[in-house]
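> Spelled out, the chains give:
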Amino acid sequence: MTGITRRTALTGAIAIPAAAAMTRAAKAAPTAIELFFPVPVQGMLANKMKELVDRFNKEHPAIAATAVYTGTYDDTNLKTRAAIKAGRPPALTLMSANFVREYVINGDADPFDPLIEKGGSTPAAFMAQFWPALAPNAVIGGRVYGVPFQNSTPLLYYNPALFKEAGLDPERPPVDWQAWISAAKALTKPGAGRWGVIWPNTYDYCGWITSGLVMSNGGQYFNHDYGGEVFYDAPSTQGALALVDTLVNRLKAMPPGVSDANTCTGALFAGKAAMMVLSTGSLSFIRKNMKLPYKVAFMPKNVRNAAPIGGGSLILPKGNTPARQAAAWTLVNWLTSPEIAGEWSRFTGYFAPRKAAYDLPAMKTYMAQNPDAKVALDQLEYAVPWFDTYNTIAVRKAMEDQVQAILSAKTTPKEAVAAAQKAADALLRPYVEKTALRPLA
Amino acid sequence: MSTFVEPYAAPVARAALSRRRPRFLPAAVLLLPSLVFLAAFTYWPVARVVAQSFVVGRFAGDRGLGLGNYRRLFADPHFAEAAWNNAAYAAGTILPSLLFALLFALALRESTRFNALLRTLVVMPLLIPLVAAAALFSFLLLPGEGLVDFYLGKLGGPMINWLGDPDLALGSIIAITVWKNTGYYMLFFLAGLAAVPQELLDAARIDGAGAWRRFRHATLPMLGPTLGFVVPIALVNALTQVDHVITMTQGGPSDRTNLLLYYIYQQTAQNYDAGLASAATVISVAALLSLSVLSFRLIERRLYYES
Amino acid sequence: MRAEGRLLLPLLASAAALLWAVPFAWMAVASLRPGVPADIASLTPAGPFGFDNFAEAWKSGSFPVWYLNTLFVCGGILAVQLVSATMAGYAFARIAFPGRDFVFAAFLLQLLLIPPLLIVPNLATLASLHLYDTLFGIMMPYFASAFGVFLMRQTFKSLPRDYEEAAMLDGAGVGALIRHVLVPLARPGLVAFAIVSVTAHWNEFLWPLMAVSSPDRQVLTVGMASFASGAEAGSAWGVVAAGTFLVAGPLLVLFLVFQRRFVSSFVFSGFK
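Residue numbers (my numbering), protein chains in the order written: chain A, 8 to 448; chain B, 1453 to 1759; chain C, 13 to 284.
Next up, chain A with everything else stripped away, as it sits in the complex:
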């Protein structure tokens, strides 16, 4: 009966509630993290992403993640950099895959390597889970800075009924530029307000598709291993711009001026455009809203097939505590798991960067039912990296401004490439003077 002395009772009276409080505290403080994400393609992706993050939170009660929609790729970049500068970086950002290099150059991102190694793997093994074409934009200086989440290539969407009407074989879309031009010419019907081909030429989309055209023309477009050099003033680039010039100004098969993505899809849906170049990321949106039959094909080549990779990778902005980084890492793994990667791919039309996603039954069924989703995947054989340099946006715009001028017949391809090179060189100068042209003696 002397088991419970006063002291014991008192200690117990304090200890038990204290322990309970501590457990409660441990339970009541999930690590709060934010995910900044853009929506660069059409479709209600913002809602879907928020839904996914809600599910993640339910499955991981120790983490409270908030999905924050931050506009376009460019906007997301601005907002992330502003937040980093202000000392309040988000725990994770879904960044345009081609901005990763710049973050590394500016020291604004942390590598994933320590987290990968802590999880018992190696960076090499980790990246091997993803399609090899994605590595150049994700692995910078030998370390993993970006984990691919959504990826795309441009597709040629076309209207087989209009093809037939113009006397073209709908099963044989144009595979090279010559065929493409003659198809565009045949499909254009000014009287009916119908264009042969259309594609978005707003900032970012313009640069992406242009880089694809240049590389299909055999060019490199930019130095893939060094962010201080671009090859704007080169024959391959000039030829690509000549294609645009021909389609818009000479054949009048493509609308003049800058068309945005909404205009392009609207035109395709209304039968006012017979062919359209658009990201595979909009495939599901098109499948859902296109009432007329449509097909997809590779981007036509001139010298070689080349499909620039687009899409977003998850990065770790600098300035986060280890606890937040660990929580972010959990989210990264969940988002890029084969199941979730597959689900996102089916919802959007982006192809899943994770190879294993295609082994899952849900994905196999989907691919069988939707052969158009396979085209983007098949094009990966010819994938080329996305344009990334020092001060990517401004250097990219140096070319885009010229392309947009060609769309209104304000300049010629020859003048355009020279002007673009000049502008780009001026922008790259500070970086070049610190690296390749660093004073040596």
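Hints in this document: simulated from the structure, not taken from any laboratory. For every residue, glycine included, the Cβ atom is placed at its ideal position computed from N, Cα and C. Just so you know, not all the hints are guaranteed correct.
Pair ranges (Cβ atoms, derived) [said to hold, decoys possible]: (1) C:L83 / A:A39: 18 to 26 Å; (2) A:G114 / B:F1748: 45 to 53 Å; (3) C:A118 / A:A39: 43 to 51 Å; (4) A:L387 / C:A139: 40 to 48 Å; (5) C:F63 / A:G148: 48 to 56 Å.
Here are the simulated lysine-lysine pairs, DSSO-like style, with alpha carbons at most 30 Å apart [as the list claims (entries may be wrong)]: (6) A:K57 / C:K71; (7) B:K1606 / A:K125; (8) A:K279 / A:K308; (9) A:K192 / B:K1606; (10) A:K196 / A:K417; (11) A:K65 / C:K71; (12) A:K308 / A:K196; (13) B:K1606 / A:K171; (14) A:K192 / A:K421; (15) B:K1606 / A:K298; (16) A:K295 / C:K71; (17) C:K71 / A:K55; (18) A:K298 / A:K325; (19) B:K1606 / A:K295; (20) A:K298 / C:K71; (21) A:K279 / B:K1606; (22) A:K196 / B:K1606.
Since the structure of chain A is provided, determine the placement of chains B and C on it from the hints.
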């Protein structure tokens, strides 16, 4: 002439009412709160941005003083384009919106029910944010599908790319601004017109002056003060309203809707080029101040109580 | 002929005013049409109609957070402005201190040099005050209002001095004088200013965009811009229209109800 009032009317001090004591202290206390914030966010920033515009160096670590930023600024074709565009934009927005505002005010000045309704319609845009107007017009100006092209199409017109055609984009941006600001200026003109004494107009009418002459010689001069107020405001707006450029065109296509404040925004937020952004700010502020003073002087000389 | 001439201007004005209303007409019509109809541009559709777009817009954006932030910002700015502008307005109106005209001109400078124009140095100031990414940071540059001072000076100047003199004789200090005598008399001016101030800051975009980066501290305009771009991505123009209404609605509705007050405020505030 004015009544001097003893601020600290404590019974002791009340006896010492003086007309010659300087009124610094009480005035200073009353002005202090405003002055603190004005100093922090208007005067100090001007000094700071001027100073910063002379600090040269792109990468952290290089620091020097010089005209480098201004040299780069004037060599930058984007800045030249922005300045040129802004001049066109200023003329394109100020003149039409003031003209429409005046015409609306003249036509709708009588307080009838009908006029009140029409005035409301014209004034409503002033209440919504410019980004909201931008969202609405993003649709209205959509090629083919948007409202303008939709109804133009019904009349047999072509599909026009209002925001994507480099020749039309600035005009479209101007149209949005004019739509938004006209109602605001109309309110000032309404007040100004109400202040024109009816006797003046009646006298002019009796003298046989037609509508135009009445306007030119009786009404317009009396609107001097109104114009003196509205024109600087319109100038400020022309230089600082760039929300629609940020959300709709991002300065494009081909930089044709780049405006000075948008250029500054780009250098600040996109390129992190503090030197260029500061130099551009200094130039913009100088332009705004000189244009405001100039326009005020012009209006003062030409229109104030012209006899 | 004279009569026809006189009819021309009002006729043109009516037509022009109707044109002015087209964007709002579209906003009203499109927001009530759920789904993605092919003729979303039509001002005279057949239906179906519903409120789905509003529900969708509310769900996609963070409107409650945005509303709260905006109310806080506008209310905070107004509260401080009323105090600072009233005090300074009184000083300019009633106290003849040396250099008064010079100081007044210096105040008027703020009418031209508005905070968004001085974004570069103002952001740096915020950063050094550790106010970047805070709602206070958004509010601070506006705590002093040249507009308000101008207005209050006018208001006070127009008040007869009898009240003040009586109060002085009763032994009132300046503070009590302002608070108990002048402010009640200056109510119309204060109300006018309040309306102008709230409208201006409710609709402000660039400065809040740059001063705040956290999503839970965004105001309506910034939130609306990102929401609109997301909805546009889905070609959900009806949702864009509904969202626009949610942002612009409060002020529009207040305006339509209190038209006279609103209009006279803007006029009152700008005129000598």
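> Please go over all the hints and tell whether each is borne out by the structure.
Outcome of the hint check:
1. The supplied range of 18 to 26 Å is met by L83 (chain C) and A39 (chain A), whose beta-carbon atoms lie about 25 Å from each other.
2. Against the hinted window of 45 to 53 Å, the Cβ-Cβ separation of G114 (chain A) and F1748 (chain B) comes to about 49 Å, which satisfies the hint.
3. Range check, A118 (chain C) to A39 (chain A): about 46 Å between beta-carbon atoms, so the 43 to 51 Å window is met.
4. For the pair L387 (chain A) and A139 (chain C), the beta carbons lie near 44 Å from each other, so the given range of 40 to 48 Å is met.
5. In this structure the hint that F63 (chain C) and G148 (chain A) lie 48 to 56 Å apart at CB holds, the actual value being about 53 Å.
6. As the CA atoms of K57 (chain A) and K71 (chain C) are separated by approximately 11 Å, the hinted pair is consistent with the 30 Å bound.
7. Distance restraint check for K1606 (chain B) and K125 (chain A): the Cα-Cα separation of roughly 65 Å exceeds the 30 Å cut-off, and the hinted pair is therefore not satisfied.
8. Between the alpha carbons of K279 (chain A) and K308 (chain A) the distance comes to roughly 25 Å, so the proposed pair stays at or under 30 Å and holds.
9. Taken as a hint, the K192 (chain A) and K1606 (chain B) pair is honoured in the structure, with Cα atoms around 27 Å apart against an allowance of 30 Å.
10. Distance hint between K196 (chain A) and K417 (chain A) is fulfilled; the C-alpha atoms sit about 24 Å from each other, no more than 30 Å.
11. Distance check on the hinted pair: K65 (chain A) and K71 (chain C) sit about 19 Å apart at the alpha-carbon level, within 30 Å; holds.
12. Between K308 (chain A) and K196 (chain A) the alpha-carbon distance is near 25 Å, which keeps this suggested pair within the 30 Å criterion.
13. Only pairs whose Cα atoms come within 30 Å are accepted, and K1606 (chain B) paired with K171 (chain A) is accepted, the gap being roughly 29 Å.
14. Note on K192 (chain A) and K421 (chain A): the hinted pairing holds, with a Cα-Cα distance of about 24 Å set against a maximum of 30 Å.
15. About 23 Å separates the Cα atoms of K1606 (chain B) and K298 (chain A), which keeps this hinted pair within 30 Å; it holds.
16. Among the hinted pairs, K295 (chain A) with K71 (chain C) is consistent with the structure: their alpha-carbon atoms are about 22 Å apart, no more than 30 Å.
17. At roughly 12 Å between alpha-carbon atoms, K71 (chain C) and K55 (chain A) fall within 30 Å of each other, so this suggested pair holds.
18. Between K298 (chain A) and K325 (chain A) the alpha-carbon distance is near 46 Å, which puts this suggested pair outside the 30 Å criterion.
19. Under the criterion of a C-alpha separation no larger than 30 Å, the hint pairing K1606 (chain B) with K295 (chain A) is consistent with the structure, at around 28 Å.
20. For the proposed pair K298 (chain A) and K71 (chain C), the alpha carbon gap of about 28 Å is at most 30 Å, so the pair holds.
21. Between the alpha carbons of K279 (chain A) and K1606 (chain B) the distance comes to roughly 16 Å, so the proposed pair stays at or under 30 Å and holds.
22. Proximity of K196 (chain A) to K1606 (chain B) is assessed by CA-CA distance (about 19 Å); at most 30 Å being required, the pair is judged to hold.
Hints 7, 18 from the earlier list are contradicted by this structure; the remaining hints agree with it.
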